[in-house]
Amino acid sequence: MSEPAVLPEGWEMVIGLEVHVELATATKLFCGCANSFGDAPNTNICPTCLGLPGSLPVANEQAVEYAMQLGRALNCTVSRSIFARKNYFYPDMPKDFQTTQYEEPTNSEGFVVLPDGTSVGVERAHIEEDTGKSTHLGGGGRIHDATATLVDYNRAGVPLVEIVSHPVMHDAETARAYVAELRDILLVTGVSDARMEEGSMRVDANVSVRPVGSDELRTRCEVKNINSLRSLGRAINYEARRHVDLWTNGESPRQETRHWDEDGGRSTSGRSKEDADDYRYFACPDLPPLVPTQADIDAIDAAMPALPAARRAALAVAAGVLVADTALTVERGLDVLVIAAIEAGADPTAAMKHADQNLSDGQGQLTPATFAALVAMESEGTLSSTQVKTVLGELVTNGGEPADIAATMGFEAMDTSELETLLDGIIDASPDEWARFVEGDRKVQGHFVGQIMKATQGKADGKVVNQLMTQRANQG
Amino acid sequence: MSGEISRDEVAHVASLARLRLSDNELDTFTEQLCVVLETAAQLNSLDLSEVPPMAQPYPLTNVLRPDVIVPSLDRDEVLAQAPEAEDGRFRVPPALGEAP
Amino acid sequence: MSSAFELAAAIRAGEQSAVAAAETSFDTIDGRDEEVHAFLHLTKQRAHAQAEAVDKAVAAGQDPGPLAGVPIAIKDNMCTRGEPTTCSSKILEGWRPPYDATVIGRLEAAGAVIVGKTNLDEFAMGSSTENSAFGPTRNPRDTSRVPGGSSGGSAAAVAADFVPLSLGSDTGGSIRQPAALCGVVGVKPSYGAVSRYGLIAFASSLDQIGPFAHDVTDAALCLDVISGHDPRDATSIPTALTPTLPTVNDGVAGMRIGLIDELMADGIDDDVIARTNQAAEALIAAGATVERVSIPATIYGLAAYYLIAPAEASSNLARFDGVRYGHRVDGQNVAAMNVATRSAGFGDEVKRRIMLGTYALSSGYYDAYYGKAQRVRTLLADEFATAYEKFDLLLSPTSPSTAFEIGAKSDPMALYMCDVCTIPSNLAGHPAMSVPFGVGDDGLPVGVQVLAPMLEEAKMFRAAKALEDAAKGMS
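Protein chains in written order, with this note's numbering: chain A, 1 to 476; chain B, 1 to 100; chain C, 1 to 475.
Watch out, some of these pointers could steer you wrong.
[As the list claims (entries may be wrong)] Pair by pair, the computed Cβ-Cβ distance ranges are:
#1 C:Met417 - B:Thr28: 30 to 40 Å
#2 A:Ala310 - B:Thr61: 26 to 36 Å
#3 C:Asp63 - A:Ala302: 28 to 38 Å
#4 B:Val35 - A:Glu262: 54 to 64 Å
#5 B:Asp87 - A:Gly199: 30 to 40 Å
#6 B:Val35 - C:Asp63: 50 to 60 Å
#7 C:Asp330 - A:Ala26: 37 to 47 Å
#8 C:Lys56 - B:Pro59: 37 to 47 Å
#9 A:Glu103 - C:Ala414: 55 to 65 Å
#10 C:Asp266 - B:Pro59: 44 to 54 Å
#11 B:Thr61 - A:Val336: 35 to 45 Å
#12 C:Ala274 - B:Pro71: 31 to 41 Å
#13 C:Asp266 - B:Leu26: 30 to 40 Å
#14 C:Ala385 - B:Glu31: 32 to 42 Å
[To be verified] If you want the ones that stay clear, here's a sample from chain B, every Cβ over 12 Å from chain A, calculated:
#15 Asp8
#16 Ser22
#17 Leu43
#18 Pro57
#19 Thr61
#20 Asn62
#21 Asp67
Quick caveat, the hints were computed from the structure, so don't treat them as lab data.
Since the structure is predicted, the reported quantities are computational estimates derived from the model, not experimental observations.
All residues carry an ideal CB built from backbone N, CA and C; glycine is no exception.
Next up, chain A with everything else stripped away, as it sits in the complex (with noise of 0.2 Å):
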């Protein structure tokens, strides 16, 4: 299926992402407070958080954890580490400076494979502390028109880790795939809840174009405010037609930071990145530099739960099957099933198409070994594809072994023999509509069949009945 193209033709658009992850961390990044969302405003707050004078912070273990689980679980090189001063001011600023990673961050340069197979690098993924919520008063909830800003700290200084991804990505659904990989991967590791619409996980998205063929990285636009997936895709689309419009018009998109705006459907300016701040990093002299060793890292890699890329690629080998072709069963959880079926002998291609087709509720009681028994009678022939079906239902449903469900329904092995008596039988007992399928009439070929499944309660096969009525029609 093709849909209409975003871009006129010769034009493509060059995504970047970065994206912003709250750590499941007990308490923040430098003090002991409650790292704990939707609480009274300004309850978990403290000298160091609040960035009290004279106060001091100290990294939280779990956090650094964390950090360095995520940068493993993202094929990065972990390393020294060091933590740097971003200074700039907005209210929300308890020391109008962010303790974050800059010149040396703990995770660099490493991959995330999406179900489809593309890989997309990973530049960073850096430990930083997050900032206060600022709520602004009169002008409808809008910034431009407010009268007032109220400001809760119980946000500041949650351990965030940002993610910033080469800018290789083409089209808002890979952009989309990246996001939902790594918001699978947080899952799966445990170190974020990463949920977007709480604000847990944060998509910014940093959009370009430039001609196709061509390999320049045109000014790109940072879009911030997306909240969820949806708005990510519009906001890509939205972003990169305009900086199209802008080119084919002979002007240049303005490097700025823009506001995405769901209800509109457009981006709006913000602030130009030209006149930003310099932020003046240095390394924080209040904190000593965070040295993993090889046995630590060795350690997460060994506690690393199966990641999805991973397994897509386990099934992908097990199966003999396109890796793009296994994310659904994944998805479903059902590769492991799947994998130990195959090794207990069961077909690939019949086990990957009942995982796909028939359980899309999932396992329930079926167990490898009874999933391959069942693949075996239905290869065997034992047992008609609709039968294979029924038992399944039942194996998920209740347990059971496939022979004795089979037994229970009455699904008997069918003779082939049986049934050649039996078609004989009924042809005998119907020459005029044997004399018509005979001259090439298929219409009413399920008379026949029909006859036969009434005569064997639905035991036979209907696959077999047609190949023994062509058969029979052949011989004369």
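Got chain A sorted already, so can you dock chains B and C onto it with the hints?
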């Protein structure tokens, strides 16, 4: 580095530092900063390319604390010190525009 | 006035009451502080409550601690919960922190009685306490003169016998230089030896809290109480300092001491040089060997310091924005309010240093200024390390001159020069202390400086004690 700083540069630095200077102050500060920077320029004569910057006077690494909740401050005590507070929050004149 | 050591002993023995000691302190302050202006605020209620608790403990047969009932003054850049903490700045006028600095907790746990907060150069930036937004402190030895800075109030409080002990902070000499000018003992510990939690930061990689006292023994007593690991300060040294009090009288026999060439040259007054030479003689007489040693990088110390300290300060002082505490000047929007508040709230020296520091960190200048200065630190530390292979301790003057007149040095650079002897220890992170050693030609106190390797305070105190003993016999 030359040890020279221009009046314009001082004005720019003042705005980065969130300070508003009068014309007089700009003049005086420019003069005074030039003098200090001339002293700083003494460092030009040193070849320090092989000398690493000092990270910490007493080198430490991996100073961490356990992820255990510690009681927070009493909000009332804190907000009592705020220039202006409302609804349990710090109140300030409107912030124009989003954060960087 | 009795020493802290003697007073604490008497109070623990029940021979004196802590409440009476506190009263005496307040009476003395009342009698003379209008003239000296060492204090910005007195903490009478807190002092009284603490003193009563000490007396009660003694009566119950408990030990209230090594500083039992000793009145102590605290530089007003250290947080004292519920009490004003202003850093001598309009921008923090009226602010009462909701928490205590770690050192406050340690002092009170040892039985000390905090009587008040002392004056300083605004945000600890200065060498004369003339940069205070609330008026200067006067040198008790000659009230037409400065007490030094930035911890001028704490130095004067001890020199005027208001209290036997006080705390200051030292970033480029702000304890040692006023100690020298006021004729008292002042100590800058090893970086990381005393917790900075609750010390309002000036330059984070240089700041240290330390004691003022009349004598070396009292200073040792105080340092042993306030030093130690603090999990709230990530730069805090993991192991406690070797206590300095037990060995303070062990003398200097066999010690090798280096007299720093570069600090006995131009820029130091002749009478100060003469006294320092006498100090060297005194150490020889006490059994040490003293030789000249060259530490060339010390001459670059001033330049490096006046890039690093302002740079870190420019970042540390950004938080004073009128949003959460302190002074606020209203504006149409928060950015305007921020600028108006800071412009009105900070004094000139603070503004100067913030701008210098902002410039040193700014895009395009970082490598040439801040980056280069950080390399000078390593150079200096390496040269010190080489010197300490040959010497146990080093010796130098503390201040280039004796106390100058209030208003005499108006040029910022002239004031910066006051720190030329003290800055190197802050840059390297090593401990150093000033001991009174006679007077200058003008009859005003001279201090000499003993420097030690990292964590070698105990040795440093032994030399300081030997100098103190020798000074007693001087004219």
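Hint by hint, work out which the structure violates, then give me just those numbers in ascending order. 1, 3, 5, 9, 10, 12, 18, 19, 20, 21
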